[in-house]
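Each chain is listed here by its residues.
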Amino acid sequence: MNVLAEVFNAQLWSDVLRMTTPILLLALGAMITDRAGVLNIALEGLLVFGAFAGVLGTGLTGSLVVGVASAMLASGALALVFAWFALYLRGNIFIVGLATNAFAAAATTYAAWLISGREGSLRYAQAPTLAKLEVPLLKDVPFLAFLSGHTIIDYAAWALVIIVAFVVFRSRFGLRLRAVGERPVAARAIGLPVRRIQYAAVVISGLLAGLAGAQLSLTLGGFVQNMSGGRGWIGLVASIVGNGTALGSAVASVLFGAAEGVANSLQITAPNLPAQLLFALPYLITLVALVAYSASRSRKKGVLEA
Amino acid sequence: MGAYLECRNLEKTYQGTLRALQGVDLDVEKGRVHAVIGENGAGKSTLAKVIGGVVAPNAGEMRFKGEPYSPGSPRDAHAAGIAMVHQHFALFPSLTVAENIVLGDEPTRLGGVDSARAVEQVRALSHEYGMPLDPRRRVRDLSVGEQQRVEILKALYRNVDLLILDEPTAVLTPVEVQKLFKGVLRLVSENRTVIFIAHKLEEVLEIADDITVLRAGKVVGRRTGADATKAELVRLMVGEDIAVDRQRRFGSPGPERLVVRDLTVHDAQGRPALDGVSFTVCAGEIVGIAGVEGNGQLDLELALGGLVEPSGGSVLLGDEDVSTATPARRRALGLRYVPADRMQWGCAPKASVFENAIMQCHRHSSTAGVLRRKRLRNDVKSMLKRFDVRAPGLGAPVDTLSGGNIQKLILARELTTSPGDALEVILISSPSRGIDIRGVEFIHDLLVQYRDAGCAVLLISTDLDEVLALSDRIGVLFRGSLVAMLPGQGRTGKAELGMCMLQGKGEAGAAA
Amino acid sequence: MSGRTLDRVADALSLALTICVALGIGVALIWATSAEPATALHAFFAGPFLNKLFWGNMLQTAAPLVFTGLGLAVAFQVGAVNLGAEGQVYIGALAGVAVLTFSPWVTPWMIPVATVAAALAAAAFAGLAGWLRTRFGATEVITSFLIGAALINLFDFFLRRYLVDPSAGFPATPPLAAAFRLTKLLPPSNLNVGFLIGIGCAVLAFFVLYRTGFGYRLRMTGQNVRFARYSGIRVGRYFLVAMAVSGAFAGIAAIFEVMGVHGRLVTGFSNNLGWNGITVALVARLHPLGVVPAALLYGYLHSGANAASLMSDVSPRIAAIIQSVIFYLITAQAIYVWIRRALGAREGRSEP
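Residue numbers (my numbering), protein chains in the order written: chain U, 1 to 306; chain Y, 1 to 512; chain P, 1 to 352.
What the hints contain is simulated information worked out from the structure, not anything from laboratory work.
A few of these clues could be false.
[Unchecked claim] Part of the chain Y face toward chain P, derived, beta carbon under 8 Å:
| id | residue |
| --- | --- |
| 1 | G305 |
| 2 | P327 |
| 3 | W345 |
| 4 | C347 |
| 5 | A348 |
| 6 | M359 |
| 7 | V370 |
| 8 | L371 |
Positions of the beta carbon are idealized from the N, C-alpha and C atoms, including for glycine.
This is chain U alone, in the form it adopts within the complex (with noise of 0.2 Å):
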C-alpha cells in the first residue's frame, strides 16, 4: 500500500507529463506522415538525430534556442533525407526508414567520438539545460500543481496538438494532405503536387521530432547512445491507436507515457524491482495497446485468415 501511496504522488504526475511530450510530439509527426500515406518508421532515427544536434548546438554556442533550432533543422533534414530514398529513389518504405534509425545511431554515435573520444555520449558542462517554469497560480492549486515546472517544449507540446489538429483537419494543405493519403494516384490525377505534400508531411514530422529529442537531451543536459528508448516506435503506435487524430494521439501518448513514468518512479520508491523488467514494461503496455486497437478495428477476418 505504501508503494501505491508514494507512486501516485505530484511527482509523478509531474514526471509522467514530462514522458509524455516527447512521445506527443512523435505521435503528432507520426500522424501527420500516416495522413499523406507514408507509414514513418524513422521516428526513432530523427528523434536521436534530434536530440544529438541538441546537445552539440548548445554545447558550441552557449545558447538553447540555437540548440533547440538545432535539433529542430537536423531533424527535418534527416527527414528529407529520408523521403528522398523513399519518395524519389522509389526505395522500400520500411527498409528506408530503417536505414534512417541505423545511420542515426552509426552516425551521432561516430560524431560524438570525433568529438569528445568518448564512444556514444557527448556533454558539454558549461552548457545550460532547459528551465523548468513556474506556472505562478498553478504551482499553488492542490491538484494542478504537478501541471507547473515544466519546460518550454513540454508546454509547447500541448498547443501543438491544437495546432495539428487544425492544419490537418481545417486547413488548405490539411485538406490536401488528407486526399494525398486516401488516394495518392487520385489526388495525383487532380494536379495535386503529390510528392511534394509527402515531402512537407514527413518534414514537419522530422521538425516535431527534433523537438522531442531537444526535450530529451536538453533536459538532461547531455547525449547518450540510447537515450530514444523506442520512443520513435511508441510514437508511432500512439498515432495508430488514437485513430488518427490529434486528440487520440495525445490520449495514447499520455497513456505510453504514464507508462514510462510509472516505470521510471518504480525505480526509485521500490528499489527491490529490476530495472530491467521495468524497462520492458513502456514496450509490453503499447504492444498491448496496438493488438487490443487491432483486434477492435479488424472484427471481419483479415486477407491472412485461412
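Following the hints, put chains Y and P in place on chain U, whose structure we already have.
Same frame as chain U, but now just chains Y and P:
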C-alpha cells in the same frame, strides 16, 4: 483557321514497349460532342490522358483555341480550360462532395478552408446544370451515378471549356446514361465542348456530333454522327469483318450443381452488400448474373469462391454445404473460379508464367514434397498451347503479358484437370474486361464448350451483350438483391434486361 | 541479350553501385577524419587478408549473419517483416545457455539439444508476433519490434538475476564447459564449425524454398497473398511458419555465437546481428544462396573496420555508417530503373 482543339502527330510509347499512340491527328470543333471510339487497347484512353495533361506525349503537338497547348500536368490543362473525367473516379471517399469538388482550388478564410462558401458554390453549380447533389454528404455514401456527377461538377467548378469523358457510361444504368446525356447536351448548348471516349456504338451514335475511330494507336476513320452506321464503325474498329452477334446454341440443363440460398454478405461498415440472394445453376447450363457494377457482384463472387464469409444463407456444391468451406475444399468438390480482378486475385503479377501456371497442378507433380520440375514444365507447355496463351517464355513475369493472355493463363490453370480432379462448376466473373475482341471470342467459345460438356457455368458480368449472348437464364443483381431471374436463349431483350437492372421491374420477371 | 537477362544485369549493377557508393562514403569519411588516412585505408581494405587471425575472424563475423540473414529472407519471402530478430537472438541464447547450465550431462551431445532449445525459444517469440497479426490483425512490423525490445530487457534481467558470474566483473555467465564449445577451424581465430553449418543451412533453405511444393506455396503467399488464398493455400499457416523459422534461425545464430565465440553469455553480445541480418537478406535479394556472399561482405566490412581501428586512429563505427548507406540504397527502385533504361538504350543502338 484551325479547329478548336487540334492534335497533330501525337506519339506515345509506354516503357519502351507498347506504342499506344502512333501519329494521331484529332480535330475537335467548339460546341460539339466529339466521340473517340476504338477497341480496348486502341489508344483511346491514352489520347484522352494526353489531352487532359495526365501523360505527356513522346512527340507531336496540340493547339487549343488557336494557342499552342502542351500541358505538363492536369493542373496546366485546367488552367487552359480542359478537364478530364476518368473512368475510375479520382474521388476521395472520406471527404464530402463539396470538399471533393473544391479540392485544389479551395476558397479560404483566415488560413483555413472556407467550407461554408464551398458548400454554397457547389450547391449553386449543381442547380445550374441540373445535377442535384447534397454538398455535405460524404462521397463514400453516394451511388456511382452520383459520384460521376461530382466528377463533372468538379470540372465545371474549374470553369472548363472542354470536358473529356473517359468511358462515362460503363458504370451507369440505362436510365442514368440518359440523365448523363441530358447533362452533356446542356453543356454543349452552352457552347462548351465534350470529348466522349467510348466503345459502345449505340451510345456513340446517339450522342456524338463527330466520331474519330482509333485502331492500334492510329486514326483509321472520321465520320460525323449523322452519316455513320454501326456496321461500318465496327469494321473500322476491328479492322476486319467479325460476326458481332453470332448465334450460339443453347444448353440443356441437367441436375443442380450449385445451389445458393438466401446468401447474405455484410461489408466492412456492416451494411448488407448481398442481401438474401437465391438461385441454382444446373449441369449443362450457363446462368448469367447481370447488373450495373457495384451492386454486389464482387461480394457474390468472393462469397461463392470462399474468400469472404457470408453472414447468412447457404451455398451448396452438389450435396455438400460449403457456406464456410475453404477455397481448397470447394475446389475439391469441382468448383473452378475465375475472378473479375485478375491482378489482385487471379495471379501473382511479379512471379513467372511457370510459377503462376503450376499453382494447382504442382500438388499432383511432386514426390515426397519435392516438385518434379521437368514434368511440370511439360505440363505447363501443353497447357499454354491448348489455351492459346502467348508468353515470351515460361520465366517471364506475368505482368508483362497482355490482359487477354493473362486471362487465358488463368483459365488454363483453373480448367486443366489432373487425374482425380473434379470439374463440375465454373464461376467466372467479368471474363472479357480489358480484353480484345478475339480474346473475348475465344473465352466465350470455351465457356460454351464446357457448358456443352456438362459443366454448370455461373457468369457474372456487367456487360449486357455478353450476358445476353451466352446465358440460358439471366439473373439481375440490384443493390445486393437478385431482383429477377429472366429466361435467356434470346427470349429476353436488351431493353427489358436494362429496365430490370433498375429495380422494381424485377418482380414481374421473377417467376421465370 | 534478352529482356530477362538485361533485368538481371541491371539488378547486379545496381547492387554493385550501391556497395561502391557506400564504400566510397566510407573512404571519404576515413579521409576526412583520420590523421593517417593511408594507413587507415590500407588496414580497412587489406586488413582481413593480412593474417590467419583476421581472415578467420572475418569468416566468423559472417557466420551468424548467414543464419539471421537466412531467417529474415524466409520471412520477407512470405511477406512478413520481422523487426524483432535482435531480441530473438538474446532470448535464443538465454534458452540455450540455460539448458547447458542446468544440464546434468557435460558432453558435446548437449550441443544439438541447446541449439534446438535456442531455436525453439526464439521461434516462439517470432511466432507470437506472427500470431498477433493472423489472429488480431496487429501489424508484425511493429509488434515484432516491441516484443524484441522487451526481450532484450528480459534477457538482461535473467542474466543478472539467475545466471551471472559475480567474479566476471561485468554481466556475464561463467564460461561454458569445454565440452559445450564448438570446434574451431582456424585457430587462433574464432572461426568454427558454425560457419560450415550456416552454408549447409543456406543450401537447405534454397532447396526447401525453390524445389519443394511447401517452399513454392510459401513464396507465392509472399508474392500475392490474395492469389494464394484464392488458390486454396492456408496463408495464415505459412505466415506463422515463416515467422517462426526466421526466429529459429536467429536463435541458432545466437547459441552458435555463444558456444563458438564468446564461450559464455555476455550482455550486449549480439551487436546488431538481428538488424544486420535484414540488410544481409536484402543484399542477397532474399535468395538463400545469396545470403552467404552477402554475409561475407558484411564480415569483410566489419573486420576491415576493426583492423583499421586497431592499426590506426579510426573508429570501428565506420562500418556501421557504411552499412546504413547500403541499407538506404538497397531497395531503391529508381536506381535499378535508370540502369535498366540505360542498358536498354544501349542495346537499342547496338542492334539497329
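inquiry  = Of all the hints numbered above, which does this structure not satisfy? Sort the numbers upward.
reply    = No numbers; nothing is violated.
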